[in-house]
Amino acid sequence: MLFLIIKRILLGFITLFIVSIITFVGTEVLPGDACTTYLERQAFGEQLEACYRRLGLNIPAYERYVSWALNAIQGDFGYSLSGEMPIKEVLGPRIKNSLVLASAAIFIGIPIALILGIITALWRDKLPDVAISTVTIFAMTIPEFISATLLILIIAIWLEWLPGIVIVPTDVSFLELLPNIILPVVAIAMIMTAHMARMVRSSVIQVMASEYVQMAILKGVPYWKMVFKHVLPNALLPAINVVALTIAWLLGGVVVTEVVFNYPGLGRLVIESISNRDLPTVQALAIILASIYVSINLLADLLTLMLNPRLKTLQIRK
Amino acid sequence: MKLDNIYKEEKKSAVAKLSEIIITMASRPSGLIGLSILIFHIILAFISPYIAPHDFKAIDPTLMLQAPSAEYWFGTDDLGRDVFTRTILGGRTALTITFFGSLIALLWGGLLGIFCGLVGGKIDDVVMRIVDAFLSIPWILAMLLIVSLLGTSTEVLIPALGFFYGKGIVRVARAATHDVIAKDFIVSAKARGHSNFSIIWNEIIPNVRDAILVEGAMRWSWMLLGFSSLSFLGFGVSPPTPDWGLMISNARGLMSFAYWAVIAPIVGLSSLIIGINLTADAFAKALGIDRSTKAPV
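Residue numbers (my numbering), protein chains in the order written: chain F, 1 to 318; chain B, 319 to 615.
Derived from the structure by calculation, the hints contain no laboratory data.
Being a predicted model, the structure only gives us computed values, none of them experimental.
It is possible that some hints are incorrect.
[Stated by the list, open to error] Here are the computed lysine-lysine pairs in the DSSO-like style, where the Cα-Cα straight-line distance is at most 27 angstroms:
1. F:Lys126 x F:Lys229
2. B:Lys375 x B:Lys440
3. B:Lys440 x F:Lys7
4. F:Lys126 x B:Lys603
5. B:Lys335 x B:Lys603
6. F:Lys126 x F:Lys7
[What the hints assert, rightly or not] Have a look at the derived ranges for each label pair, beta carbon to beta carbon:
7. B:Phe364 x F:Val221: 26 to 32 angstroms
8. B:His512 x F:Trp224: 42 to 48 angstroms
9. B:Lys501 x F:Lys7: 26 to 32 angstroms
10. B:Gly511 x F:Asp125: 26 to 32 angstroms
11. F:Gly92 x B:Ser574: 32 to 38 angstroms
12. F:Asp125 x B:Asn525: 50 to 56 angstroms
13. B:Asn525 x F:Ala69: 41 to 47 angstroms
14. F:Ala69 x B:Ile361: 50 to 56 angstroms
15. F:Ala131 x B:Gly511: 55 to 61 angstroms
Think of the CB as a built atom: it goes at the ideal place given N, C-alpha and C, for glycine as much as any other residue.
Kindly generate the complete structure, drawing on both the sequences and the hints.
What follows is the structure, encoded as structure tokens:
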């Protein structure tokens, strides 16, 4: 068991190591370096020299990679070209804001997804299932920017209930942020809930068809007791991994949603730094977003391992 | 002699098989809806240049932000261009780019996955680590970086999208190959002394083809979503080419008094994505592949 956990964590680190090489090589191979891309037409003479010196671009690439990686492990990602300050300081408030957005969406989304998924599975192919499933298919296939735009149009412009875009400075306090984040949270939670509800649905349906549930029915176990005692614990376990992948996948979608609502989080920073051609910040963002992805997956793996006694013994025997 | 006959019979029925699959797909209401939407969009993409009532790039300041009328069915946008014309033309670029992108994704992802599944060992380990690493970088970050450094031409977009949406297919193809590889007919093909290439071509591909095709169909809808997100962010098709993502992002700022300019492309793009999605779903069901527990990676 312990061996397994250590192995998973190690694999995660190897993945991150490869990600760091990919981002480094990627920015190296693509035309232009950090300084010429950033300075564009002013990339000559003194200015270019100064930029090279500041970023240390005049030393060989592999040496630069080693020192960058060593600093990155300690949380120092270098200097942001467009922000004119250390990337660490640019990232701080952005990570906090994105975390607020994501955790609010997750806390709203998971319970609703569970309830919807269970309802649709238990009333499979009946009216509640058809109605809810149709809505979830719409919610998960429509692009984030469309659902977000429609939300703004209906809730903010036509009904005038909530502000349509977020107009607050990056380092605003939590309470001031609160009324502004309702629409972005709804936009993200909608897609996430739809995905998760569908997975819970198919997972519950699978368990309902299994032999031990048939056995419980034959034994005369009351319906709801059977659902809560025999079906749900077994149905929700495999959903954990899928939920983790869904959350991680949404990292890409959050970028678009944050841009639509003008929300000062990590996603908008991605767009800003790419528009400003600020390659050091892009590198830092790639490694941070990849770490989030890897750690969410790792967490889900470990959680499933710990919650499922069968898996535990199986792995030990192996 | 007998074996030869069976083989021929299967070859002959390829067209029949395809029509059978399509009939099975259309027999479910969701499949029928999906197929009709998709076919409608494909036909529209072919004929729209000939039926468009106005010039898609004709700018007319006197016609700015007109409400829908008999002359301009969906109104006009902030530059006085006809929204109806731009909407029916708006899917062509996206459909073409994502179709060829998915083909590329299918080819390289499928072949690499089959190869890794067959060879196994060290090569497989290394390739899968790299695929995992690529999966953990958000696609949007990588795509934006490539597009901003190399430009937004079709020659950049198709291979880039094909590459980034193919890495997930590697996993699916590899898993499908693993399922097949322990079967007796592979062992006997090896015993007969067939080369790796022959085994892949004659034994493995016919057996994993369905799983990979279904995955590719699904990727098509995700790629369309990704591509239109790029356009929306201003990193996709460049103006004045009519494109739904671009139209939505342009009209969004003015939607408090000209909602028609944003509703029309929204309906166009959403219906196409839903159509492809439902079709891919029905396709999977017709081939007997269960995708219901898969995560969108």
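Here is how each hint holds up against the structure:
1. F:Lys126 x F:Lys229: Roughly 24 angstroms between the alpha carbons, so the hint for Lys126 of chain F and Lys229 of chain F holds.
2. B:Lys375 x B:Lys440: Status violated; Cα separation ~55 angstroms.
3. B:Lys440 x F:Lys7: holds (17 angstroms)
4. F:Lys126 x B:Lys603: holds (20 angstroms)
5. B:Lys335 x B:Lys603: holds (15 angstroms)
6. F:Lys126 x F:Lys7: violated (45 angstroms)
7. B:Phe364 x F:Val221: 26 to 32 angstroms: Because 59 angstroms falls outside the window, the suggested range is violated.
8. B:His512 x F:Trp224: 42 to 48 angstroms: violated (57 angstroms)
9. B:Lys501 x F:Lys7: 26 to 32 angstroms: holds (30 angstroms)
10. B:Gly511 x F:Asp125: 26 to 32 angstroms: violated (51 angstroms)
11. F:Gly92 x B:Ser574: 32 to 38 angstroms: The hint (32 to 38 angstroms, Cβ to Cβ) holds, given that Gly92 of chain F and Ser574 of chain B are roughly 35 angstroms apart.
12. F:Asp125 x B:Asn525: 50 to 56 angstroms: violated (31 angstroms)
13. B:Asn525 x F:Ala69: 41 to 47 angstroms: At 43 angstroms between Cβs, range holds.
14. F:Ala69 x B:Ile361: 50 to 56 angstroms: At 53 angstroms between Cβs, range holds.
15. F:Ala131 x B:Gly511: 55 to 61 angstroms: holds (59 angstroms)
Checked against the numbered hints given earlier, the structure breaks hints 2, 6, 7, 8, 10, 12 and satisfies all the rest.
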